[in-house]
Amino acid sequence: MKKILFVLTVFISIYTCYLTTVEAAVKKESVNVEYIDDQSKYGSLGYIVNVGEKSGTLVFKIEKGENNISWEKMRAIKARPGFYLTSDPYKNYVSDQFSSFSPWLSENYGTQDMIWVDIEQPTNHLIAATYIDKPKNDSGIYYLWGPMSTTKAKVSPYKITANFVEGVDVVKELIANNGDLEEKEPVTPVPPSTQKPSEPIKPIPSKPSNPKPVPSKPSPKPTPKVTYYWNGQEVKKGQVGKITVKKDINLWKREKNKLKFVRVLKKGTSFRVYGYDKKYGGQFHLGAQHYITNMPKHVKYEKLPKTLSTSPVTKLKGTLTINKNTNLWKRENNKLVKVKVLKKGQKLKIEGYDPRFGGQYVVVGGKTFVTNTKGYITFKKG
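Last residue of the sequence shown? That's 382 in UniProt numbering, and every number before it is there in order.
Hints listed in this document are in silico derivations from the structure and should not be mistaken for laboratory results. Each residue gets a CB set at the ideal place from its N, CA and C atoms; glycine is no exception. Please note that the accuracy of each hint is not assured.
Simulated restraints on C-beta separations [stated by the list, open to error]:
| hint | residue 1 | residue 2 | range |
| --- | --- | --- | --- |
| 1 | 339 | 257 | 36 to 44 Å |
| 2 | 257 | 237 | 38 to 46 Å |
| 3 | 246 | 44 | 34 to 42 Å |
| 4 | 67 | 321 | 33 to 41 Å |
| 5 | 338 | 213 | 15 to 23 Å |
| 6 | 237 | 65 | 28 to 36 Å |
| 7 | 152 | 228 | 20 to 28 Å |
| 8 | 213 | 310 | 25 to 33 Å |
| 9 | 351 | 305 | 17 to 25 Å |
| 10 | 213 | 29 | 52 to 60 Å |
| 11 | 229 | 257 | 33 to 41 Å |
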(Lines of atoms letter the chains of each structure in order from A; the text may use other names.)
(Lines give C-alpha, C1' and ligand atoms only; values in the text may rest on other atoms or scores of the structure.)
Protein backbone atom coordinates (compact mmCIF):
# COMPACT_ATOMS: atom_id res chain seq x y z
CA MET A 1 0.00 0.00 0.00
CA LYS A 2 2.86 2.38 0.86
CA LYS A 3 4.49 1.71 -2.52
CA ILE A 4 1.22 2.58 -4.32
CA LEU A 5 0.87 5.86 -2.37
CA PHE A 6 4.51 6.74 -3.15
CA VAL A 7 4.00 6.16 -6.91
CA LEU A 8 0.80 8.26 -6.93
CA THR A 9 2.57 11.11 -5.09
CA VAL A 10 5.43 11.16 -7.61
CA PHE A 11 2.99 11.06 -10.55
CA ILE A 12 0.93 14.00 -9.20
CA SER A 13 4.11 16.05 -8.63
CA ILE A 14 5.39 15.44 -12.17
CA TYR A 15 1.95 16.12 -13.66
CA THR A 16 1.64 19.46 -11.78
CA CYS A 17 5.12 20.56 -12.91
CA TYR A 18 4.24 19.69 -16.50
CA LEU A 19 1.12 21.87 -16.45
CA THR A 20 3.11 24.76 -14.95
CA THR A 21 5.77 24.42 -17.66
CA VAL A 22 3.23 24.41 -20.50
CA GLU A 23 1.47 27.52 -19.22
CA ALA A 24 4.75 29.38 -18.61
CA ALA A 25 5.98 28.66 -22.13
CA VAL A 26 3.32 30.84 -23.71
CA LYS A 27 2.97 33.57 -21.10
CA LYS A 28 3.70 37.16 -22.18
CA GLU A 29 4.28 39.43 -19.20
CA SER A 30 4.08 43.21 -19.06
CA VAL A 31 7.38 44.92 -18.15
CA ASN A 32 7.67 48.27 -16.36
CA VAL A 33 9.38 51.05 -18.37
CA GLU A 34 10.34 54.25 -16.52
CA TYR A 35 11.49 57.48 -18.22
CA ILE A 36 14.80 58.99 -17.03
CA ASP A 37 14.06 62.73 -17.20
CA ASP A 38 17.19 63.93 -15.36
CA GLN A 39 20.13 64.04 -17.77
CA SER A 40 22.62 64.71 -14.97
CA LYS A 41 21.81 61.37 -13.30
CA TYR A 42 23.43 59.11 -15.94
CA GLY A 43 24.67 61.65 -18.48
CA SER A 44 21.77 61.09 -20.88
CA LEU A 45 17.99 60.85 -21.10
CA GLY A 46 16.65 57.31 -21.47
CA TYR A 47 14.49 54.59 -19.95
CA ILE A 48 14.80 52.07 -17.11
CA VAL A 49 13.46 48.60 -17.99
CA ASN A 50 12.84 46.18 -15.11
CA VAL A 51 12.92 42.65 -16.54
CA GLY A 52 14.16 40.71 -13.53
CA GLU A 53 16.88 38.07 -13.33
CA LYS A 54 15.67 35.84 -16.15
CA SER A 55 16.29 35.00 -19.79
CA GLY A 56 13.82 35.31 -22.67
CA THR A 57 12.55 37.73 -25.31
CA LEU A 58 12.02 41.43 -24.57
CA VAL A 59 9.80 43.36 -27.01
CA PHE A 60 9.12 47.12 -27.11
CA LYS A 61 6.33 49.08 -28.79
CA ILE A 62 7.71 52.58 -29.44
CA GLU A 63 5.33 55.39 -30.38
CA LYS A 64 5.81 59.11 -30.93
CA GLY A 65 5.55 61.09 -27.70
CA GLU A 66 5.18 64.79 -27.01
CA ASN A 67 7.72 67.28 -28.38
CA ASN A 68 9.57 64.66 -30.46
CA ILE A 69 11.23 66.74 -33.17
CA SER A 70 12.91 63.92 -35.13
CA TRP A 71 10.14 61.28 -35.41
CA GLU A 72 8.65 62.51 -38.69
CA LYS A 73 12.08 62.87 -40.30
CA MET A 74 12.95 59.26 -39.37
CA ARG A 75 9.58 58.00 -40.58
CA ALA A 76 9.83 59.85 -43.90
CA ILE A 77 13.08 58.09 -44.83
CA LYS A 78 12.13 54.82 -43.08
CA ALA A 79 15.14 55.15 -40.78
CA ARG A 80 15.54 52.92 -37.74
CA PRO A 81 16.40 55.09 -34.72
CA GLY A 82 19.52 53.90 -32.92
CA PHE A 83 18.10 52.37 -29.73
CA TYR A 84 20.32 50.08 -27.67
CA LEU A 85 20.28 48.31 -24.27
CA THR A 86 22.94 48.36 -21.56
CA SER A 87 23.22 46.62 -18.20
CA ASP A 88 25.10 49.42 -16.40
CA PRO A 89 24.20 53.11 -16.90
CA TYR A 90 27.66 54.28 -15.80
CA LYS A 91 29.76 52.26 -18.26
CA ASN A 92 30.66 53.23 -21.82
CA TYR A 93 27.69 52.37 -24.04
CA VAL A 94 29.91 50.75 -26.72
CA SER A 95 31.46 48.23 -24.33
CA ASP A 96 28.34 47.60 -22.23
CA GLN A 97 25.50 47.40 -24.75
CA PHE A 98 24.10 43.94 -25.50
CA SER A 99 21.48 44.81 -28.15
CA SER A 100 21.30 47.41 -30.91
CA PHE A 101 18.12 46.15 -32.66
CA SER A 102 19.90 45.78 -36.01
CA PRO A 103 19.76 42.41 -37.80
CA TRP A 104 23.18 42.84 -39.37
CA LEU A 105 24.75 43.09 -35.87
CA SER A 106 23.40 39.72 -34.75
CA GLU A 107 26.89 38.21 -34.71
CA ASN A 108 27.79 40.59 -31.88
CA TYR A 109 24.50 40.92 -30.01
CA GLY A 110 22.43 37.77 -30.64
CA THR A 111 18.93 37.69 -32.09
CA GLN A 112 17.34 41.17 -32.25
CA ASP A 113 15.55 43.38 -34.77
CA MET A 114 13.42 46.51 -35.23
CA ILE A 115 10.66 47.31 -37.76
CA TRP A 116 8.23 50.10 -38.62
CA VAL A 117 4.52 49.18 -38.40
CA ASP A 118 1.81 51.09 -40.32
CA ILE A 119 4.50 53.57 -41.38
CA GLU A 120 2.12 55.52 -43.64
CA GLN A 121 -0.79 55.51 -41.19
CA PRO A 122 -1.52 57.86 -38.27
CA THR A 123 -1.04 54.84 -35.99
CA ASN A 124 2.59 54.35 -37.12
CA HIS A 125 4.99 52.95 -34.50
CA LEU A 126 8.13 50.85 -34.05
CA ILE A 127 8.49 47.28 -32.78
CA ALA A 128 11.89 46.31 -31.33
CA ALA A 129 12.67 42.85 -29.94
CA THR A 130 15.77 41.21 -28.49
CA TYR A 131 16.62 37.82 -26.98
CA ILE A 132 18.36 37.96 -23.59
CA ASP A 133 20.17 34.62 -23.42
CA LYS A 134 21.11 35.08 -19.75
CA PRO A 135 20.81 37.84 -17.10
CA LYS A 136 23.33 40.60 -17.80
CA ASN A 137 23.56 41.79 -14.18
CA ASP A 138 22.38 40.86 -10.66
CA SER A 139 19.40 43.23 -10.59
CA GLY A 140 17.59 42.39 -13.84
CA ILE A 141 17.29 46.15 -14.51
CA TYR A 142 18.44 47.38 -17.93
CA TYR A 143 18.72 50.77 -19.59
CA LEU A 144 17.29 51.75 -22.98
CA TRP A 145 19.01 54.62 -24.76
CA GLY A 146 18.24 56.27 -28.10
CA PRO A 147 17.88 59.56 -30.00
CA MET A 148 16.16 61.84 -27.48
CA SER A 149 15.28 64.80 -29.71
CA THR A 150 12.88 66.78 -27.55
CA THR A 151 12.20 70.40 -26.64
CA LYS A 152 11.28 69.48 -23.04
CA ALA A 153 13.54 67.06 -21.14
CA LYS A 154 10.91 66.44 -18.47
CA VAL A 155 8.45 65.11 -21.08
CA SER A 156 9.22 61.73 -22.67
CA PRO A 157 9.71 62.01 -26.48
CA TYR A 158 8.42 58.44 -26.88
CA LYS A 159 5.52 56.35 -25.61
CA ILE A 160 7.14 53.00 -24.79
CA THR A 161 5.49 49.82 -23.56
CA ALA A 162 7.27 46.49 -23.10
CA ASN A 163 6.49 42.79 -22.72
CA PHE A 164 8.63 39.79 -21.86
CA VAL A 165 8.33 36.14 -22.94
CA GLU A 166 10.37 34.09 -20.51
CA GLY A 167 12.68 31.24 -21.49
CA VAL A 168 12.30 31.31 -25.30
CA ASP A 169 13.67 33.19 -28.32
CA VAL A 170 10.62 34.45 -30.26
CA VAL A 171 12.19 37.55 -31.83
CA LYS A 172 11.50 36.40 -35.39
CA GLU A 173 7.89 35.54 -34.62
CA LEU A 174 7.29 38.92 -32.96
CA ILE A 175 8.88 40.85 -35.83
CA ALA A 176 6.97 38.82 -38.44
CA ASN A 177 3.66 39.51 -36.64
CA ASN A 178 4.27 43.22 -35.88
CA GLY A 179 4.85 42.61 -32.18
CA ASP A 180 2.00 40.15 -31.63
CA LEU A 181 2.51 36.61 -30.40
CA GLU A 182 0.02 33.80 -30.76
CA GLU A 183 -0.60 32.63 -27.21
CA LYS A 184 -1.79 29.04 -27.11
CA GLU A 185 -4.26 27.83 -24.51
CA PRO A 186 -2.64 25.64 -21.84
CA VAL A 187 -2.86 22.01 -22.86
CA THR A 188 -4.21 19.75 -20.13
CA PRO A 189 -2.93 16.18 -20.66
CA VAL A 190 -5.21 13.30 -19.69
CA PRO A 191 -3.70 11.44 -16.73
CA PRO A 192 -3.44 7.64 -17.07
CA SER A 193 -6.27 5.62 -15.53
CA THR A 194 -5.57 3.94 -12.15
CA GLN A 195 -8.37 1.36 -12.56
CA LYS A 196 -7.65 -2.22 -13.49
CA PRO A 197 -8.53 -3.04 -17.09
CA SER A 198 -11.86 -4.87 -17.38
CA GLU A 199 -12.43 -7.99 -19.40
CA PRO A 200 -12.89 -7.15 -23.10
CA ILE A 201 -16.49 -7.35 -24.32
CA LYS A 202 -16.88 -9.89 -27.06
CA PRO A 203 -18.52 -8.37 -30.13
CA ILE A 204 -21.86 -9.79 -31.31
CA PRO A 205 -21.32 -11.40 -34.71
CA SER A 206 -23.18 -9.62 -37.50
CA LYS A 207 -23.89 -10.46 -41.08
CA PRO A 208 -21.11 -9.26 -43.37
CA SER A 209 -22.06 -6.30 -45.48
CA ASN A 210 -20.47 -5.27 -48.73
CA PRO A 211 -21.23 -1.56 -49.21
CA LYS A 212 -20.17 0.01 -52.46
CA PRO A 213 -17.17 2.29 -51.98
CA VAL A 214 -18.00 5.99 -52.33
CA PRO A 215 -15.21 7.88 -54.09
CA SER A 216 -13.98 10.78 -52.00
CA LYS A 217 -13.91 14.22 -53.56
CA PRO A 218 -10.50 15.86 -53.60
CA SER A 219 -10.32 18.84 -51.22
CA PRO A 220 -10.00 22.16 -53.03
CA LYS A 221 -6.57 23.71 -52.99
CA PRO A 222 -6.35 26.93 -50.96
CA THR A 223 -6.10 30.07 -53.04
CA PRO A 224 -2.69 31.65 -52.45
CA LYS A 225 -2.78 35.17 -51.05
CA VAL A 226 -1.65 37.75 -53.59
CA THR A 227 -0.14 41.03 -52.40
CA TYR A 228 -0.42 44.02 -54.74
CA TYR A 229 1.88 47.03 -54.86
CA TRP A 230 1.60 50.58 -56.17
CA ASN A 231 4.89 52.42 -56.78
CA GLY A 232 6.62 50.01 -54.42
CA GLN A 233 4.11 50.38 -51.57
CA GLU A 234 1.76 47.57 -50.50
CA VAL A 235 -1.91 48.18 -51.28
CA LYS A 236 -4.10 47.52 -48.25
CA LYS A 237 -7.66 46.14 -48.23
CA GLY A 238 -10.18 48.93 -48.79
CA GLN A 239 -7.59 51.41 -50.08
CA VAL A 240 -8.88 53.73 -52.83
CA GLY A 241 -5.87 56.00 -53.31
CA LYS A 242 -3.22 58.00 -51.50
CA ILE A 243 -2.48 61.61 -50.61
CA THR A 244 0.84 63.43 -50.53
CA VAL A 245 1.22 66.43 -48.22
CA LYS A 246 2.42 69.51 -50.16
CA LYS A 247 2.14 71.89 -47.19
CA ASP A 248 1.77 71.12 -43.48
CA ILE A 249 -1.84 70.23 -42.67
CA ASN A 250 -3.84 69.18 -39.60
CA LEU A 251 -4.83 65.59 -38.94
CA TRP A 252 -8.27 65.22 -37.34
CA LYS A 253 -10.16 62.44 -35.57
CA ARG A 254 -13.94 62.23 -35.59
CA GLU A 255 -15.45 61.66 -32.17
CA LYS A 256 -19.17 62.10 -31.36
CA ASN A 257 -19.81 64.13 -34.53
CA LYS A 258 -16.97 66.52 -33.70
CA LEU A 259 -13.45 66.98 -35.01
CA LYS A 260 -10.62 66.46 -32.53
CA PHE A 261 -7.14 67.74 -33.44
CA VAL A 262 -4.50 64.97 -33.46
CA ARG A 263 -1.30 66.44 -34.87
CA VAL A 264 0.25 68.24 -37.86
CA LEU A 265 1.18 66.17 -40.93
CA LYS A 266 4.43 67.42 -42.41
CA LYS A 267 5.23 68.35 -45.99
CA GLY A 268 6.54 65.42 -48.06
CA THR A 269 4.74 62.66 -46.14
CA SER A 270 2.16 60.41 -47.83
CA PHE A 271 -0.73 58.29 -46.56
CA ARG A 272 -3.15 55.66 -47.82
CA VAL A 273 -6.73 56.85 -48.42
CA TYR A 274 -9.71 54.61 -47.62
CA GLY A 275 -12.58 56.91 -48.54
CA TYR A 276 -13.91 60.42 -49.05
CA ASP A 277 -17.03 62.23 -47.90
CA LYS A 278 -18.37 65.79 -48.02
CA LYS A 279 -18.54 66.36 -44.27
CA TYR A 280 -16.62 69.29 -42.77
CA GLY A 281 -15.96 70.76 -46.24
CA GLY A 282 -14.85 67.42 -47.72
CA GLN A 283 -12.37 65.07 -46.06
CA PHE A 284 -10.17 62.09 -46.94
CA HIS A 285 -10.39 59.08 -44.61
CA LEU A 286 -6.93 57.79 -43.63
CA GLY A 287 -8.18 54.92 -41.46
CA ALA A 288 -9.12 54.49 -37.78
CA GLN A 289 -11.48 57.50 -37.98
CA HIS A 290 -8.58 59.84 -38.87
CA TYR A 291 -9.24 62.47 -41.55
CA ILE A 292 -7.63 65.40 -43.36
CA THR A 293 -9.53 68.17 -45.11
CA ASN A 294 -9.42 68.32 -48.91
CA MET A 295 -7.31 71.44 -49.46
CA PRO A 296 -5.73 71.22 -52.95
CA LYS A 297 -2.94 73.64 -52.08
CA HIS A 298 -1.94 71.45 -49.13
CA VAL A 299 -2.53 67.89 -50.35
CA LYS A 300 -2.33 65.99 -53.64
CA TYR A 301 -4.73 63.06 -54.10
CA GLU A 302 -4.00 60.14 -56.45
CA LYS A 303 -6.62 57.53 -57.27
CA LEU A 304 -5.65 53.85 -57.07
CA PRO A 305 -4.85 52.70 -60.64
CA LYS A 306 -6.69 49.75 -62.16
CA THR A 307 -3.42 47.95 -62.97
CA LEU A 308 -1.24 47.02 -59.99
CA SER A 309 2.04 45.16 -59.61
CA THR A 310 2.60 41.96 -57.64
CA SER A 311 6.20 42.99 -56.89
CA PRO A 312 7.23 45.81 -54.53
CA VAL A 313 10.26 46.59 -56.69
CA THR A 314 9.97 49.70 -58.88
CA LYS A 315 12.14 50.22 -61.94
CA LEU A 316 14.82 52.81 -61.32
CA LYS A 317 17.92 53.23 -63.49
CA GLY A 318 20.95 55.12 -62.30
CA THR A 319 24.31 55.03 -60.54
CA LEU A 320 25.00 54.59 -56.83
CA THR A 321 28.14 56.16 -55.36
CA ILE A 322 29.47 54.87 -52.01
CA ASN A 323 30.30 57.79 -49.66
CA LYS A 324 31.19 55.64 -46.64
CA ASN A 325 32.02 51.94 -46.36
CA THR A 326 28.75 49.98 -46.37
CA ASN A 327 27.55 46.40 -46.88
CA LEU A 328 26.43 44.70 -50.09
CA TRP A 329 23.62 42.23 -49.33
CA LYS A 330 21.92 39.25 -50.92
CA ARG A 331 18.67 37.65 -49.78
CA GLU A 332 18.19 34.05 -48.70
CA ASN A 333 14.93 32.73 -47.21
CA ASN A 334 13.68 36.29 -46.73
CA LYS A 335 16.81 37.23 -44.74
CA LEU A 336 19.73 39.51 -45.51
CA VAL A 337 23.10 37.80 -45.98
CA LYS A 338 26.25 39.91 -46.18
CA VAL A 339 28.19 39.53 -49.45
CA LYS A 340 31.04 41.99 -48.88
CA VAL A 341 31.90 45.53 -47.80
CA LEU A 342 31.64 48.22 -50.47
CA LYS A 343 34.46 50.74 -50.18
CA LYS A 344 34.21 54.52 -50.29
CA GLY A 345 34.33 55.77 -53.90
CA GLN A 346 32.92 52.62 -55.53
CA LYS A 347 30.12 53.01 -58.09
CA LEU A 348 27.35 50.52 -58.90
CA LYS A 349 24.70 50.40 -61.64
CA ILE A 350 21.16 50.30 -60.26
CA GLU A 351 18.04 48.82 -61.89
CA GLY A 352 15.38 49.24 -59.21
CA TYR A 353 14.29 50.16 -55.69
CA ASP A 354 12.71 47.86 -53.08
CA PRO A 355 11.07 49.42 -49.97
CA ARG A 356 11.57 46.26 -47.92
CA PHE A 357 14.37 45.83 -45.35
CA GLY A 358 14.37 49.55 -44.62
CA GLY A 359 14.55 50.47 -48.33
CA GLN A 360 17.19 49.05 -50.68
CA TYR A 361 18.58 49.80 -54.14
CA VAL A 362 18.64 46.79 -56.49
CA VAL A 363 22.00 46.33 -58.20
CA VAL A 364 21.92 45.38 -61.90
CA GLY A 365 21.34 41.63 -62.09
CA GLY A 366 18.69 41.69 -59.37
CA LYS A 367 20.58 39.48 -56.91
CA THR A 368 22.36 42.00 -54.66
CA PHE A 369 21.17 45.06 -52.73
CA VAL A 370 22.45 48.19 -50.99
CA THR A 371 20.50 49.67 -48.07
CA ASN A 372 19.40 53.28 -48.47
CA THR A 373 21.29 54.69 -45.48
CA LYS A 374 21.48 58.48 -45.37
CA GLY A 375 25.04 59.81 -45.66
CA TYR A 376 26.50 56.50 -46.84
CA ILE A 377 25.39 56.56 -50.49
CA THR A 378 24.39 58.98 -53.25
CA PHE A 379 22.04 57.97 -56.06
CA LYS A 380 21.93 59.69 -59.45
CA LYS A 381 19.35 58.87 -62.10
CA GLY A 382 20.35 58.11 -65.66
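Can the suggested window of 36 to 44 Å be confirmed for the beta-carbon pair residue 339 and residue 257?
-> violated, 57 Å
Between residue 338 and residue 213, is the Cβ distance one that fits in 15 to 23 Å?
-> violated, 58 Å
Whether the CB-CB distance between residue 246 and residue 44 falls inside 34 to 42 Å | holds, 37 Å
Status of the given 17 to 25 Å range, CB of residue 305 versus CB of residue 351 | Hint holds: Cβ distance 22 Å, inside 17 to 25 Å.
For the range 25 to 33 Å, tell me whether the beta carbons of residue 213 and residue 310 fit it or not.
-> Between residue 213 and residue 310, where Cβ atoms are some 43 Å apart, the hint is violated.
Do the Cβ positions of residue 237 and residue 65 conform to the proposed distance bound of 28 to 36 Å?
-> holds, 30 Å
Does the Cβ distance between residue 213 and residue 29 fall inside 52 to 60 Å?
-> holds, 55 Å
Does the hinted range 38 to 46 Å hold for residue 257 and residue 237 at CB?
-> Because 27 Å falls outside the window, the suggested range is violated.
Cβ separation of residue 152 and residue 228, checked against the hinted range 20 to 28 Å | violated, 43 Å
Is the hinted range of 33 to 41 Å satisfied by the C-beta distance from residue 67 to residue 321?
-> holds, 37 Å
So the hint says 33 to 41 Å: do the beta-carbon atoms of residue 229 and residue 257 match that?
-> Hint holds: Cβ distance 37 Å, inside 33 to 41 Å.
Checked against the numbered hints above, the structure breaks hints 1, 2, 5, 7 and 8 and satisfies the rest.
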